[in-house]
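Below, each chain spelled out in residue letters.
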Amino acid sequence: QKEVEQNSGPLSVPEGAIASLNCTYSDRGSQSFFWYRQYSGKSPELIMSIYSNGDKEDGRFTAQLNKASQYVSLLIRDSQPSDSATYLCAVNIDDMRFGAGTRLTVKP
Amino acid sequence: GAVVSQHPSRVICKSGTSVKIECRSLDFQATTMFWYRQFPKQSLMLMATSNEGSKATYEQGVEKDKFLINHASLTLSTLTVTSAHPEDSSFYICSASRDRGAFFGQGTRLTVV
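Protein sequences appear in the order of chains L and Y.
Each residue of the first sequence is one higher than the last, beginning at 1 in our numbering.
Each residue of the second sequence is one higher than the last, beginning at 1 in our numbering.
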C-alpha cells in the first residue's frame, strides 16, 4: 500500500514567521510531488509541484525534495493569517494520493 | 490555470434515491479523473480513478455497485451515488490530471435525509 504521511498538527506560527510543513512517502519510485492548500469547506488548490531533488521557490513558498530520504517539505516565509488552512501533500500524478494534511494557523 | 467544474455544489436527497455528480475539465482533455470523499475534519480519501473509455479502478472498500463512475469523454466524468443512505452524506470532490498536477472541482456536498 502506497502511503503518504504528514504531521497532522495543528501547527501554529506567529504572523511573519516561517512555517515548515513536512511529508514522507513510501513509494521509492515516486516521481512527482505536489502541495495543495485547502480552506475549510472548499476543495484543494494547487500551490506547488516539484519533480527534482533540491529546492523550488515560488514567491513566499519553497518546496524541498529529497528522494533518497523520501521526504518533501513546504516552507512558507513571512506567514500571513490568510495562509491559515490545511496543507496537503500528494504524490504521483498517476494515482494522486494525499497525506492526511497539516492544519496551519497563523496568528496575527 | 486549469479549470475543473463540478456540479451540483450542494444536493439534498431522500434516503434510497440516487444522485449524479458531474465533473468537467473545461479547458483541457483529461484522460484520468479522480473521485474523492472527505468527511468533516478528515483528509481526502481516494474512492476511484476514472479512465476515459474504460472501467474505473476502485479503491479497496469502495463499493463499485453503489458508486457508479462513467468517464464518457475526455472532458466529463460522472459519479452516481445509488440508493443513497445518510452515511453517504459527505463532501465529494473530483480532480482531473494534466502535466502540471491535478486540479480540483468545487466539490459537492451531499446530504442524505
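If you're looking for bench data, these hints aren't it; they were derived computationally from the structure.
As the structure is a computational prediction, the values presented were derived from the model and not from experiment.
A virtual CB, placed ideally from N, CA and C, is assigned to each residue, including glycine.
Among the hints, a few may not be true.
Claimed, not checked - Examples of chain L residues lying across from chain Y (beta carbon under 10 Å, computed):
| hint | residue |
| --- | --- |
| 1 | G29 |
| 2 | S32 |
| 3 | Q38 |
| 4 | L65 |
| 5 | R103 |
Evaluated hints:
Given the 10 Å rule on beta carbons, the hint for L/G29 is violated: about 18 Å separates it from the nearest Cβ of chain Y. A distance limit of 10 Å between C-beta atoms decides the matter here; for L/S32 the minimum to chain Y is near 8 Å, and the interface restraint holds. With a cut of 10 Å, the hint placing L/Q38 at the interface with chain Y holds, because the nearest CB-to-CB distance is about 8 Å. About 14 Å separates the beta-carbon of L/L65 from the nearest beta-carbon of chain Y, more than 10 Å, and the hint is not met.
The closest approach between the C-beta of L/R103 and any C-beta of chain Y is roughly 9 Å, which is under the 10 Å cut-off, so the hint is satisfied.
Hint compliance for this structure: hints 1, 4 are broken, all remaining hints hold.
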